[in-house]
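Since each chain comes alone in its own frame, lean on the hints to assemble the complex.
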Amino acid sequence: MRARHGGPAFRRLILEDPACGFDARDARVTHNNPNEEHGRLLEACAAGDHGALQTLYRLEGARLLGVVQRIVQDRALAEDIIHDAFVNIWTKAHTFDAERGSGKTWIFSVARHLALNHVRRQYREVTVDDTTAEQLDAERSLTASAEIEDTFDWQGRGDLDRCLKALEPERRNCLFHAYVDGYSHSEIAERLDRPLGTVKAWIKRSLQSLRECLS
Amino acid sequence: MTDDAPNSSMSAETLDELAGEYVLGTLDATARRDVERRLPQEPALREAVVRWESRLAPYASMVEPLTPPPALWSRIERSVAERPADAETTAASHTAKMSDSPRGSSWGALWQSLTLWRGVSLASIVTAIGLALLLALNPAERGPRYMVVLSTPQHTQAGWMVQAGSQRDIELIPLDDFQVPAGKTLEFWTKADDWSGPVSLGLVEANRTRRLTLDDLPPLEENQLFELTLENAGGSPLDRPTGPIQFIGRAVSL
Numbered sequence: 012m013r014a015r016h017g018g019p020a021f022r023r024l025i026l027e028d029p030a031c032g033f034d035a036r037d038a039r040v041t042h043n044n045p046n047e048e049h050g051r052l053l054e055a056c057a058a059g060d061h062g063a064l065q066t067l068y069r070l071e072g073a074r075l076l077g078v079v080q081r082i083v084q085d086r087a088l089a090e091d092i093i094h095d096a097f098v099n100i101w102t103k104a105h106t107f108d109a110e111r112g113s114g115k116t117w118i119f120s121v122a123r124h125l126a127l128n129h130v131r132r133q134y135r136e137v138t139v140d141d142t143t144a145e146q147l148d149a150e151r152s153l154t155a156s157a158e159i160e161d162t163f164d165w166q167g168r169g170d171l172d173r174c175l176k177a178l179e180p181e182r183r184n185c186l187f188h189a190y191v192d193g194y195s196h197s198e199i200a201e202r203l204d205r206p207l208g209t210v211k212a213w214i215k216r217s218l219q220s221l222r223e224c225l226s
Numbered sequence: 073m074t075d076d077a078p079n080s081s082m083s084a085e086t087l088d089e090l091a092g093e094y095v096l097g098t099l100d101a102t103a104r105r106d107v108e109r110r111l112p113q114e115p116a117l118r119e120a121v122v123r124w125e126s127r128l129a130p131y132a133s134m135v136e137p138l139t140p141p142p143a144l145w146s147r148i149e150r151s152v153a154e155r156p157a158d159a160e161t162t163a164a165s166h167t168a169k170m171s172d173s174p175r176g177s178s179w180g181a182l183w184q185s186l187t188l189w190r191g192v193s194l195a196s197i198v199t200a201i202g203l204a205l206l207l208a209l210n211p212a213e214r215g216p217r218y219m220v221v222l223s224t225p226q227h228t229q230a231g232w233m234v235q236a237g238s239q240r241d242i243e244l245i246p247l248d249d250f251q252v253p254a255g256k257t258l259e260f261w262t263k264a265d266d267w268s269g270p271v272s273l274g275l276v277e278a279n280r281t282r283r284l285t286l287d288d289l290p291p292l293e294e295n296q297l298f299e300l301t302l303e304n305a306g307g308s309p310l311d312r313p314t315g316p317i318q319f320i321g322r323a324v325s326l
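Those protein sequences? They're chains Z and F, same order as listed.
For the first sequence, this note's numbering gives the first residue as 12, with consecutive numbering after it.
For the second sequence, this note's numbering gives the first residue as 73, with consecutive numbering after it.
Read the hints as simulated data drawn from the structure, not as lab findings.
There's no promise every hint is true.
[To be verified] Here are the simulated EDC-like pairs of lysine to aspartate or glutamate, each with C-alpha atoms no more than 16 Å apart in a straight line:
| id | chain 1 | residue 1 | chain 2 | residue 2 |
| --- | --- | --- | --- | --- |
| 1 | Z | K103 | F | E89 |
| 2 | Z | K215 | F | E108 |
| 3 | Z | K215 | F | E85 |
| 4 | Z | K215 | F | D100 |
| 5 | Z | K103 | F | E154 |
[As the list claims (entries may be wrong)] Non-contacting residues of chain Z with respect to chain F, defined by C-beta distances greater than 12 Å in every case (computed):
| id | residue |
| --- | --- |
| 6 | E47 |
| 7 | A96 |
| 8 | I159 |
| 9 | P180 |
| 10 | E181 |
| 11 | E198 |
| 12 | D204 |
| 13 | R205 |
| 14 | K215 |
Ideal placement from N, C-alpha and C gives every residue a C-beta, glycine not left out.
Next up, chain F with everything else stripped away, as it sits in the complex (with noise of 0.2 Å):
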């Protein structure tokens, strides 16, 4: 946590500013999404940002509040009932739990999740659809071929790719730059419909193309699900992510 890079050039106060601004809302999109990144690496940054929250936060109170319907409270208690807390922390407490009911739960949750796929932004589709022409016009390959697009699950970036020439055969290509933390590692999961747990394929180097072989796994399948996670360094200790979910998507046949 005392890695202060990339960005730990900026002065102090420019640093601050850029907080400031942040916690105001008036950055653009970019500007936010660039904070946003910056903030798990650089503690000066999230502290700056912390002081502006805490500083205008007593000035929200000069909204009204809004009550808000009844279903609305459902609608968060199903989604959340279906996914544990991902905390580290939490994750050996929580294992005794998990084992007794139907792994499978919080995936669904993932993949019903609305914020999951409401904005997959544009650019991911342009590549999704120039990857399926590309995979579609290759004569060579015979079979069912699949693609899946890896999107962050809160703000609905595409981050990796994964294509499949065959159905053993997977390469998973970096979309988008990712900085891992210190200490910290991104594993690759996957996890069929109908398997009762994720099976890790192993840690990734971040913003580097990966070829792997399913051998020793079914045939990849539709809607399978692929997700990359935060884990500290070596990898989870448990045979299931332990660490929060940092992109994910599910196989489309071609």
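Chain Z on its own, in the form it takes in the complex (with noise of 0.2 Å):
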């Protein structure tokens, strides 16, 4: 369904490096609070502490990996946006302010936005009038109405979940499909057998409730 990736233009970018191996003997995990922790080194690395970064590195290196793959859907590619993402980190870390969300957010916040950025360019979604679109759609989207499951395992893990768990099971699955897979709406629509109109307003309605439920 989806074929994204950089073809081989991009690929001849691509630095290899086989010699060298990770060197751990800087690192410094501890076990406190998480949230602090991530705040912590990321100001260490504004302050030009190069070790704070391996930290961080090794706390998330592998989760981040696996939240971009998932979106970009290549293994190299993955890695390259990785390895920016991590420049990234470094060069702006004396923007992120603790007083505004956490540190491991603000870290995934860069990687999965660099994914995004990737995909979204290499994917122009064809512009669609939203209201034509909608009333075109109508009609299949009434006809279409089996019982629909989660396709995600999304409960238990946030503070959304009290919301979450009030829009109806299609309607988280074109969330996820978004925040998770990085699919635009084309490719949710296309996934989920809808029209296109109709995920989008689903996601904008989806949206407007899940703000509603927590105001």
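See the structure below:
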């Protein structure tokens, strides 16, 4: 369904590095509150401490690679993005503000948005006037209403659980196909075999109801 | 940071929806770029994005981790070893360290950066070829001529172009709209391969073509680096950039 990779021109640019091994001598892993720990490590990065970056890599590298690989569906490209993400984390660490969100969230955002920017650049979505699309699709969406179950094992992970529970499973699936798989509106529509306009409207309304539920 | 221009007319709800779709990932490339351009200038949008990031982040744990190959850390380590964190706050603490080491190293790293070159947009290439032809077809000028496309270091978008009719006269031409945050200014720098450090070519007004004569500098040469950094109003207090690089590129002879 998706063929997301940069092709040969991109691949040529990847630096090969067969020789170097991972040196963990300087890594300092502690088991304090993980959220605060990430913030402190980012502050250390901003102060020029390379060891802090290495510790962040040891703590989150594998999870970040999983998240990015899921979005770009190409292992070499995912590793390139993790490389770029850590360079960004290093150079932008001073912009992290512990008052606004956790260090861990900040790090994941850096990597995830690099991955999303990549897949969105590869595939420009065809613009369809939303209202027209909804009208055209209305009939089809009415006729297709089989029982849909959750595709994602989402429960018990965050404060949003309570609000997510209020959504219909298929709408939850839309959100997670976007957030976790990095699917565009049209990819979700294709995956769920639903009209594009419907998927766009569902996501918009789901976000609205999540916001209302939280306020 | 209180300046909430230029899209503050957007209602809080619309802003929150936009932030939600941005974090979720459903915006297309153009809309994503638009949000990322607005983020530095709009605290309300930034806060909405941070809220959505925090709400959704726990659900990223649904994805299985993948062990990175050992070579990946080595690559990262090499890339960051050559560049200081570009914080204004740490600039002072780095000064001593920087002056002990050859200053060219971080510039070299940027030159080699994959991100810089990975996706230099088609538009910039088309523009570049167009300009190259234009210059090549103009018989009035003699001697080597150069051109530089300055792209963003992270997103590989062309933002400015340097056109050099001779080795002394250059023109800095904006290719895209750029918004300078309040209290900041763009500063233009250059460095040839064998110079010990970058030299400021002065402050630059966004979205305006600027003509310069390189009277006090050696003639422009192949591969010479040009960059625009975002400095505090009045420009860098030091003889080198202290703010983050916004656009960067190297001279190519035509």
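Hint by hint, here is what the structure shows:
1. Simply put, Z/K103 and F/E89 have alpha-carbon atoms about 26 Å apart, too far for the 16 Å limit, and the pair is violated.
2. The suggested pairing of Z/K215 with F/E108 is violated, with an alpha-carbon distance near 20 Å, which exceeds 16 Å.
3. In summary, the hint linking Z/K215 to F/E85 is supported, as the alpha carbons are separated by about 11 Å, within the 16 Å threshold.
4. For the suggested pair Z/K215 and F/D100, the alpha carbons sit about 15 Å apart, so the restraint of at most 16 Å is met.
5. As the CA atoms of Z/K103 and F/E154 are separated by approximately 15 Å, the hinted pair is consistent with the 16 Å bound.
6. Consistency note on Z/E47: stated as away from chain F, and its beta-carbon is indeed over 12 Å from all of that chain's, at 15 Å minimum.
7. Its closest Cβ contact with chain F, about 9 Å, brings Z/A96 to no more than 12 Å, contrary to its assignment away from the interface.
8. No Cβ of chain F comes within 12 Å of the Cβ of Z/I159; the nearest lies about 18 Å off, and the non-interface call holds.
9. Distance check for Z/P180 against chain F: the nearest CB is about 15 Å away, which clears 12 Å, and the non-interface claim stands.
10. Residue placement check: Z/E181 keeps its beta carbon more than 12 Å from all beta carbons of chain F (closest about 16 Å).
11. Non-interface status of Z/E198 relative to chain F is broken: a Cβ of that chain comes within 12 Å, the nearest being about 10 Å off.
12. Non-interface call for Z/D204 relative to chain F: holds, since the shortest CB-CB distance, roughly 18 Å, exceeds 12 Å.
13. With a least CB separation of 14 Å from chain F, Z/R205 remains clear of the 12 Å interface cut-off, as annotated.
14. Its beta-carbon lying about 7 Å from the closest one in chain F, Z/K215 breaks the requirement of being farther than 12 Å from that chain.
In this structure, the hints that do not hold are numbers 1, 2, 7, 11 and 14, in rising order.
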